[in-house]
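Got chain A sorted already, so can you dock chain B onto it with the hints?
Number of protein chains: 2
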Amino acid sequence: MVDLERSIYDYIHNLLFSKEKIMNTLNRRKFLSSSALLATSSLITVTANAAAKDPMPAKWDEEADIIVVGSGFAGLAAAAEAKNANAGNVIVLEKMRAPGGNSVINGGIFAVPGNPAQVKLGIKDSPELLASDMIAAGLGYGYPEKIKAMTEEALPTYEWTVKELGVQYNDKVGQEGGHSVPRHVYTINGSGSEIVHKQLAYAKKLGIPVRLRVYVERIIRDEDGRVKGLQVREGYRFPNAQSGKVKFIKAKKAVILCHGGFGADVNYRMKHDPKLTDKFDTTNQPGATSELWREASRIGGNLIQADWIQCGPWNSPEEKGMGVALYFAQGAAATQGIWIDCATGKRFVNELANRKIRADAVITNNNKGHTCIALADQTAVDLTIQKSRPGILDKQLERKVVHKFATLEDLAKQYNVPMDALQATIADYNKHQAEGTPDEMGRKIYKGAQAIGTGPWYCSILSPKVHHCMGGLETNSKGQVIDVSSDKPIPGLYAAGESTGGVHGAVRLGSCAVLDCLANGRIAGRKAAQEQNWS
Amino acid sequence: MVDLERSIYDYIHNLLFSKEKIMNTLNRRKFLSSSALLATSSLITVTANAAAKDPMPAKWDEEADIIVVGSGFAGLAAAAEAKNANAGNVIVLEKMRAPGGNSVINGGIFAVPGNPAQVKLGIKDSPELLASDMIAAGLGYGYPEKIKAMTEEALPTYEWTVKELGVQYNDKVGQEGGHSVPRHVYTINGSGSEIVHKQLAYAKKLGIPVRLRVYVERIIRDEDGRVKGLQVREGYRFPNAQSGKVKFIKAKKAVILCHGGFGADVNYRMKHDPKLTDKFDTTNQPGATSELWREASRIGGNLIQADWIQCGPWNSPEEKGMGVALYFAQGAAATQGIWIDCATGKRFVNELANRKIRADAVITNNNKGHTCIALADQTAVDLTIQKSRPGILDKQLERKVVHKFATLEDLAKQYNVPMDALQATIADYNKHQAEGTPDEMGRKIYKGAQAIGTGPWYCSILSPKVHHCMGGLETNSKGQVIDVSSDKPIPGLYAAGESTGGVHGAVRLGSCAVLDCLANGRIAGRKAAQEQNWS
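Chains as they are written, first to last, in our numbering: chain A, 1 to 535; chain B, 1 to 535.
In isolation and in its complexed conformation, chain A is listed as follows (with noise of 0.2 Å):
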């Protein structure tokens, strides 16, 4: 045991002094930082064998210059830059039956500092502004010179829609949390599917065809390093990956992929989150599932921050989709009344925490099978939703997302809430309420709110929906993946939009989905089209 001991003791020892040494190294080899030298050195070898060797078809069924992978925003707004740019023969496939992915349903707001109905009001902002907003939202997990890039594409981006594609927007401004400043146009139909019209009538404009129903099954990376083509299904029928006929495309330039998010993938998205499971719906189209996500990394593509999954703290199981009730649930409930447990009928969240905060907190109680609801009285939905937006809640009603009782006891009753734990849950509201001083969950009281206590007393059930992905392809600021062994570019491989990483962190905020897509779009198909062909 002796020189065993000892040498571990050196070992010891030596850790106090091994950061100067390494350090010495460095300077003489004139190298920035210790890591710098563990990244480099450490990886030249793995460089060489970095790719992941696919065999070569033996003939190709055909080719194009730039192979476009989604036809959502970002994939869209990519072919169409590539192709200005002389990028020659593009296509882009989809493989669902129609295109657009999650973009065609999408809320249709755009964040762009320094838009005309911003100028207008005198509102004074600047990509400066938005990318420290981003950064804050995002506790720091995005990258500076990816969004210091995107925003400064934000109001070229926005002057190309209108002057090129044609997208009409309304003239307000809007702000949404975690914007320092109103800046997010409105499309005129209040949907991404105005955009998406006019990229789609665009790209027939320049020859560019959208092949739909095309599944791409493999990224064909070649020995050298190089994506040399895809794989696909022709006639694919989602969900079965079986369905359609296996052809193999060359991309003499380069493939783009802009896939989009897993929100509709329950295996995968457990997998970097396992709270979310099949009890949650997702905001998003069928067609947002993995497949790409795992053939991307694969063949040496590096994810990052695929855990980072945004749900809406607020939405309601009994409809589809982003739906009606988060209206009540967030402007009725969060701020003029309260959540609830029905388990125990107790509060388990601050009620005005960010996102990520309460739709985890309502997650774990969904899968411990408690039910959680939004709740509110009279006198709260009188002081905001009825006025805020006139005739929303009988919508709601109507729709029966939200419930009515002519007493507190009704409500309880129905969602098995022990009632004099709810009561207490009110008193203890009420008591903060009356004295003005934060609660024991740090919340608040909301300027302008009254006791709680006057009936008749509304309802939403909580249960949050899957909505963006955060995390994706590590890409550098032109949209090049960056390869996992080498730090390098992988020559022939670009993403954009919601299969990328980097660019939201933490959290994504609202109006910030359409920039990323369609500017960091542009960027990676401008930058693909000077790739020389290999063949």
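Rather than coming from a laboratory, the hints here were simulated on the basis of the structure. Treat the hints with caution; some may be incorrect.
Same chains, same label: a pair holds when it works inside one copy or across any pair of copies.
Subject to a maximum C-alpha distance of 20 Å in a straight line, what follows is the list of computed PhoX-like cross-link-like pairs (lysine-lysine) [stated by the list, open to error]:
{"hint": "1", "residue 1": "Lys431", "residue 2": "Lys444"}
{"hint": "2", "residue 1": "Lys478", "residue 2": "Lys488"}
{"hint": "3", "residue 1": "Lys205", "residue 2": "Lys163"}
{"hint": "4", "residue 1": "Lys368", "residue 2": "Lys148"}
These figures come from a predicted structure and were not determined experimentally.
Chain B alone, transformed into the frame defined by chain A:
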């Protein structure tokens, strides 16, 4: 446009029904959920191509039945169990000049529900209670089945260390934050080195060679998807990855990856959390680098939750490693003093919030170039550490990691803190202390706290240090590494310890690292021993 619009509207309409459609398909196919079908069927074709097809070496320089990579708690536990399960020839490879990795500098506290010290004190505990503590602290990011397997292995593993290895523990039981009951045992020398020593002696007894300075350059995964061996550099001299002689070692049964975390690798940790720049030190040994994180991903391992990187918020940059300043910053300043951003003279976080929130807040300020300090007056230190840890303050002052000032002015001058702002901050603290109300940051005044104002004054500089990687390779509860494409185990590849994810989730509780490494190392070693030779 008409046909185009119709297809889009068809599509949106279709979305409303697609879920039912899929469910019907699924019911017919007897699948549990849509995602089950998506994840399964969509991958059948990919699976065949899942492995990175590395060329097999012309000849293997040597062979072993099982190769364990890393000589910390996990690696040495895996090797011993594999050997005792008649795996045959088992070898351990360590890239550094001495064995033990971070384990040898670990604090030596080990969470064991049902340990003798608990029993003697009549403390009721169970694997289930520990599991629920871990899942709650991990924000639900931990994999329940893995946590169950590990916590059930805790007591048998503790007994194994005593009876088989001869590890000595004192007769006390301790409790770290987040644990429901006191449940950890302490090694006799207050360090993980007590365990590592005994593991190394045991390995020697079993005839398991622990080979130092052997760097793993490549994991060799064959066309059939199986890991068949390693490309290494013998005689490697950290950190020069070009040093040593290249050798190919065949693994007839399995490779077990116990390579630990990447806390010392600034470039790589910044990919997952860009805040963790080279401004920040680490408590880890310098060999805690990323090369095998990258390589395991390259050959098709699924990496999860790598962005959850634990930093101690209370460390001082004026000492190496964990140090002693934290006892002041946490024990005195966080409980009965304040934490200050020197640039503003204001508090910037709830000093009693969880580690993640506090570390992120300090890191964000540090990255802006702001110095943050923990501050307490004479009353605060007298009420806290002077009682709980007699003599520690003198040691902290002597080591110049806690600094003493006769007046608040002197302290403010030393760190360029705006004096008026600092006084206002203290006045606000005293107001809430007098009222007993939570302050703006939701901090509840600590039990028995007094108003701040009695000099002399004490402070320590705050600079979080990277401590533990919660994420890592996805493994199942048997320690098999999961393939990113197929969701099936990669034949011949196992992992345990800090190199794996899904055990601690978002936050690792103190005293659970030793448990993770020893218990999961043993589980992986036993299972790997059952693999059939491939040749």
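Verification of the supplied hints:
1. Lys431 / Lys444: both (12 Å within a copy, 18 Å between copies)
2. Lys478 / Lys488: within (12 Å within a copy, 35 Å between copies)
3. Lys205 / Lys163: This pair counts as within: shortest intra-copy Cα distance 15 Å, inter-copy 78 Å.
4. Lys368 / Lys148: Cα proximity of Lys368 and Lys148: across copies only (17 Å, versus 42 Å in one copy).
Figure legend: structure checked against the earlier numbered hints; every hint is met.
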